[in-house]
Structures are given as C-alpha cells and as structure tokens.
Amino acid sequence: DVKVTQSSRYLVKRTGEKVFLECVQDMDHENMFWYRQDPGLGLRLIYFSYDVKMKEKGDIPEGYSVSREKKERFSLILESASTNQTSMYLCASRWDRATGELFFGEGSRLTVL
Amino acid sequence: QQQVKQSPQSLIVQKGGISIINCAYENTAFDYFPWYQQFPGKGPALLIAIRPDVSEKKEGRFTISFNKSAKQFSLHIMDSQPGDSATYFCAATFSGSARQLTFGSGTQLTVLP
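In order, the protein sequences belong to chains A and B. Start counting the first sequence at 1; every next residue gets the next number (the numbering used here). Start counting the second sequence at 1; every next residue gets the next number (the numbering used here).
Fair warning: there could be bad hints in the mix.
[Said to hold, decoys possible] Listed next, the in silico SDA-like pairs over lysine to any residue satisfying Cα-Cα at most 20 Å (straight line):
id, chain 1, residue 1, chain 2, residue 2
1, A, Lys-57, B, Gln-3
2, B, Lys-5, A, Asp-38
3, A, Lys-3, B, Pro-40
4, A, Lys-53, B, Gln-3
5, B, Lys-42, A, Leu-11
6, B, Lys-5, A, Arg-44
7, A, Lys-57, B, Ala-98
8, B, Lys-42, A, Val-52
9, B, Lys-5, A, Lys-3
10, B, Lys-42, A, Lys-57
11, A, Lys-57, B, Gly-96
12, A, Lys-57, B, Gln-100
13, B, Lys-42, A, Thr-86
14, B, Lys-42, A, Lys-53
15, A, Lys-57, B, Arg-99
16, A, Lys-57, B, Ser-97
17, B, Lys-58, A, Leu-41
No wet-lab data here; the hints were simulated from the structure.
Only chain A is shown next, with the shape it has when bound in the complex (with noise of 0.2 Å):
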C-alpha cells in the first residue's frame, strides 16, 4: 500500500512564525502535491512538484513555498504565517494518469494564532 506521512497532525503557531509541514512518500513516486483543504472552498492546489528539485505553483501558492532536495520528501513552508493561513494542509503524492488517483496524508490541521 502507498503510504503518505505528514509528521506534524496538529500545529498552532503565532502570526510572522516560520513554518515547515513535512511530507514523505515510501512508494519511489515522482509526483508530490501540496493542498489546502478549507469547508466550503474544497481542496486547492499550492504547489506541486515533478522530480527531485523540480516545482511547480498551483493555484494558490501566494505566502507559500516549497522544497524537494528529496525523492521522498516534499516539504511545504511559511515563511512567516499569517492568520488567513490557518487551515487543513493535506499532501499526496503518485497522480496516476489512468484513474485520477491522488494517494493522499492524513493531513496537518494549522492554527496560526
């Protein structure tokens, strides 16, 4: 089975705080995503990334960053968190072109206060 890992479930950080969400794949895959989940709005793409050092903006990769020096990892990263980026950050990694499956985290809930 494929198994998606974001080590921190639940972080509260303060506004203007530096923050990393770890994400690790156990499966060799080449793709990674990054998402943010919030109710009503559904899941929205930040980044996404192809290849080891390769990257790619979603639709919402304003205040955002990321980095991959690893196949496995894909970490997302707030150069200092502001309240509005509170929210649900769900990772996934190997879309497979022939079902449109994404294999999602568990996600990591992020309060910033």
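Following the hints, position chain B against chain A.
Below, chain B without anything else, positioned relative to chain A:
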C-alpha cells in the same frame, strides 16, 4: 471562481435511503471526473470515476450519473449506511493532468442509524 460547483454542502439521510450529491462544471475540456471520499481525520481517497463517453458507472452501491449536454454529474449512494458518513468531493480534470485537477467544495454526508 470555482470551475466545479458541488451541492448540497451537507446532507442528512436515514439508513437505507438514497444519498444524491450533484456537481456542475464549466470547462468543456474536462474529460475525467473522479469522486473522492474523506472520513474524519483521514485524507481523501478515490471512490469512483467516470469519463464522459458513458452516462453511468456503477460500483456496488455507488453510481455516477453523467449528463454531458448539461455539464452535470452526480453521485448516488444506494442503501446508505452509517459507515458511508463522510465528506465527498467531486473533481474534474482533462488530458490526464494532475495540475488541472479541480475539486468541488465538498458535501458532508451523515447517515443516521
């Protein structure tokens, strides 16, 4: 502007009843329509998907109905069970692209025992 509009936002159904979730899309280039199911505390997981060359796809108690001319598709859950209680997301993409995968806003389904 959401390209995939989903309704209702929440749905309460009695055990054994039929749950119906509707989605409408705007982009006629969309050619693949997956549905994801998300249980509390978990990431979304692919439930069922359809391409526009068929009007209906059934997997067990779950059926997708697709109306290409109306640009609408819907998920029907027959004989709904309390274990079906989850959030459901419709989605759409084209050309097998993960970058273009667009999610609806989600429907929180509660099936009462």
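Evaluated hints:
A C-alpha spacing of about 18 Å is found between Lys-57 of chain A and Gln-3 of chain B, which places the hinted pair at or below 20 Å, so the restraint holds. With a CA separation close to 15 Å, the supplied pair Lys-5 of chain B and Asp-38 of chain A stays within the 20 Å bound. For the given pair, Lys-3 of chain A sits about 18 Å from Pro-40 of chain B by alpha-carbon distance, which is consistent with the 20 Å threshold. Taking the CA atoms of Lys-53 of chain A and Gln-3 of chain B, the gap is near 30 Å; set against the 20 Å cutoff, the hint is violated.
For the suggested pair Lys-42 of chain B and Leu-11 of chain A, the alpha carbons sit about 16 Å apart, so the restraint of at most 20 Å is met. For the given pair, Lys-5 of chain B sits about 14 Å from Arg-44 of chain A by alpha-carbon distance, which is consistent with the 20 Å threshold. Restraint check for Lys-57 of chain A and Ala-98 of chain B: satisfied, since their Cα atoms lie roughly 12 Å apart, inside the 20 Å limit. Only pairs whose Cα atoms come within 20 Å are accepted, and Lys-42 of chain B paired with Val-52 of chain A is rejected, the gap being roughly 27 Å.
Our distance criterion of 20 Å between C-alpha atoms is broken by Lys-5 of chain B and Lys-3 of chain A, whose separation comes to about 30 Å. A threshold of 20 Å between alpha carbons decides the hint, and for Lys-42 of chain B with Lys-57 of chain A the separation of about 25 Å lies outside it, so the pair is violated. Proposed proximity of Lys-57 of chain A and Gly-96 of chain B is supported: the alpha carbons are some 18 Å apart, at most 20 Å. About 12 Å separates the Cα atoms of Lys-57 of chain A and Gln-100 of chain B, which keeps this hinted pair within 20 Å; it holds.
Note on Lys-42 of chain B and Thr-86 of chain A: the hinted pairing holds, with a Cα-Cα distance of about 18 Å set against a maximum of 20 Å. A C-alpha spacing of about 28 Å is found between Lys-42 of chain B and Lys-53 of chain A, which places the hinted pair above 20 Å, so the restraint is violated. A threshold of 20 Å between alpha carbons decides the hint, and for Lys-57 of chain A with Arg-99 of chain B the separation of about 9 Å falls inside it, so the pair holds. For a cut-off of 20 Å, the pair hint linking Lys-57 of chain A to Ser-97 of chain B stands: about 14 Å separates their Cα positions.
Simply put, Lys-58 of chain B and Leu-41 of chain A have alpha-carbon atoms about 27 Å apart, too far for the 20 Å limit, and the pair is violated.
In terms of the numbered hints stated before, the structure departs from hints 4, 8, 9, 10, 14, 17, listed from lowest to highest.
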